[in-house]
Amino acid sequence: MGFLRNLGEVFTILKHIFRQIFKRPFTSLYPFEDRPYPERTRGRHIHVRQNCTACAQCVRACPVLAIRIDKADKMYEKDAALYFDYTRCIFCGLCVDACRFDALYHTPIVDMAEGEREDLIYGPEKITTLDREPLEWRGRRFR
Amino acid sequence: MTGGAVLQFEWFVDWLRGLPQWVFNIIEVIRGIIYGIYDWLWVVINLLWTLVIDNIFFLFKAVIFPGLIFVVMGLIFFVWFTRKLWGRIQMRRGPMHMGKYGGVQLFADAIKLISKEIIIPDKAHRWAYRFLPSLLLVVVLVPFAFIPWDTVWFIADLSVSLVLVFAFLAAVPVIALLAGWISGSKYSLIGGFRAANNQFAAEIPMIMSSVGPAMLAGSLSIMGIALAQSSVWFIFLLPINFATFLTASIISVGVFPFDAPVADSEIIFGWRTEFSGVYFTLTYFAEFAEQMLYSALMVTFFFGGFYGVPWLPGAVNFIIKFLIMLFVFVTVSSSFHRLRQDQIVRYCWKYLLPLSMLNVIIAMLAIVYVPGLALLLVGG
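Line order of the protein sequences matches chains A and B.
All residue numbers in the first sequence are consecutive under this note's numbering, ending with 143.
All residue numbers in the second sequence are consecutive under this note's numbering, ending with 380.
FYI, nobody ran anything at the bench for these hints, they're computed from the structure.
Wrong hints could be hidden among the right ones.
Unchecked claim - Calculated pairs, EDC-like style, for lysine to aspartate or glutamate (alpha carbon to alpha carbon, straight line, at most 20 angstroms): (1) A:Lys71 <-> A:Asp102; (2) B:Lys100 <-> A:Glu33; (3) B:Lys100 <-> A:Glu114; (4) A:Lys126 <-> A:Glu116; (5) A:Lys126 <-> A:Glu114; (6) A:Lys71 <-> A:Glu33; (7) B:Lys350 <-> A:Asp102.
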């Protein structure tokens with residue numbers, strides 16, 4: 001009887017494998033597709049310059065001196081330009097906590113690899129927007 | 001009389017007079033040799049060309065369609081197919097970056113493997129190390145000559161081709177054992193002995209399972225077995241034999257549930273550990289070619305060979321069934337965990353061998369006692 005039971009298990013396994021073949025693969029095309037991250041992931045920041053008051057509380061809160069503020073660079077009435085140095089940033093979130101004017105947020109984007117160290121210093125034109133060049137793979141454009 | 005100096009001078013004049021004739025003779029001899037070679041070559045080339053023209057259909061079959069180029073193309077496809085299927089079974093995507101759906105991945109891999117350095121260990125036997133992988137691939141590719149792709153499209157058909165194919169396939173683990181022995185490494189030696197152990201376990205059940213079709217067809221020729229299934233496929237009479245043949249062939253190839261010879265996590269890569277570069281490529285392809293060969297044999301023995309959809313050519317029928325068999329082979333061989341060597345032997349001798357004989361006996365009794373079955377087999 002043990003033989004027959006083993007045979008039945010063999011066929012159960014084969015049935016499972018056969019179903020598995022026709023399922024969608026679990027792997028995502030990672031560098032091209034976005035990976036789904038939780039909403040509250042502390043990834044790279046976004047700076048909303050309309051709300052910013054140039055109070056520099058984020059600069060004071062930063063424990064690793066990753067943020068530099070340029071108060072002369074004004075786009076609106078009383079805002080300032082922020083420079084984020086992601087070679088230093090530890091994504092602790094203290095700057096976002098320190099901001100009382102809803103001007104600084106984390107985003108769930110964590111893939112920030114660059115070829116040069118200088119490219120990891122996000123100036124005002126990079127930190128205020130989430131847009132980037134879409135990646136292309138086999139004629140499909142992602143993001 | 002004149003002095004000795006004049007005599008010497010006259011002799012020199014004579015010698016000078018004969019000089020052109022001497023040069024001419026030498027040129028004649030060289031011309032004769034060249035013309036002789038030329039004439040001989042011309043005769044040989046004429047003879048060869050006559051042979052080629054007389055056997056042009058056979059040469060076409062041997063080289064292009066069911067022969068070498070077709071089999072190698074099928075091998076390339078099968079490696080891609082297997083890797084894609086493994087990917088799907090493990091919920092991966094498989095090769096996808098080189099070419100459309102990863103179709104050119106194999107060529108990239110082959111270029112990488114062939115361009116690698118060939119490292120021969122100090123303790124290895126050098127000529128055997130260089131010779132055995134090619135021999136393995138040849139031994140695996142030769143039995144494809146006996147596969148009947150159609151009533152016309154086959155290369156050779158002997159009255160004992162079934163026995164001959166098994167003779168060739170029995171040489172594969174011998175080569176594996178030799179490769180393990182000559183590599184001069186403990187792991188490859190253990191792997192070689194495990195390959196021999198696999199063959200020891202699987203060969204008798206496999207041959208017993210192929211006795212069923214041979215007996216029902218009344219022929220030891222693979223073509224004869226395929227021709228005998230014009231009215232009923234043998235899978236309906238010998239289903240257990242098909243299962244035992246499939247299992248025994250998986251054991252004999254040494255792929256997944258029975259991959260003790262090349263168990264990557266125990267002995268590094270079994271008897272292939274020390275092979276590098278192009279030699280590893282050859283052994284790797286030989287394994288896939290063996291799987292293809294067993295799938296083709298199963299189609300021929302149990303699934304009616306080239307019989308099937310009547311309005312399709314026989315070769316197309318065969319190839320469709322062949323692809324389905326490849327799918328079944330890869331699916332079955334990637335579903336289970338690895339067995340120990342003694343488990344393989346016990347499994348084969350305790351269950352596989354009696355089962356394969358049981359089905360043969362049942363088929364014999366059915367032919368004798370079920371009225372009309374023998375007539376159906378004959379094709380009435």
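Cross-check of the supplied hints:
no.	hint	result
1	A:Lys71 <-> A:Asp102	holds (18 angstroms)
2	B:Lys100 <-> A:Glu33	holds (18 angstroms)
3	B:Lys100 <-> A:Glu114	violated (29 angstroms)
4	A:Lys126 <-> A:Glu116	holds (15 angstroms)
5	A:Lys126 <-> A:Glu114	holds (14 angstroms)
6	A:Lys71 <-> A:Glu33	violated (37 angstroms)
7	B:Lys350 <-> A:Asp102	violated (75 angstroms)
Hint compliance for this structure: hints 3, 6 and 7 are broken, all remaining hints hold.
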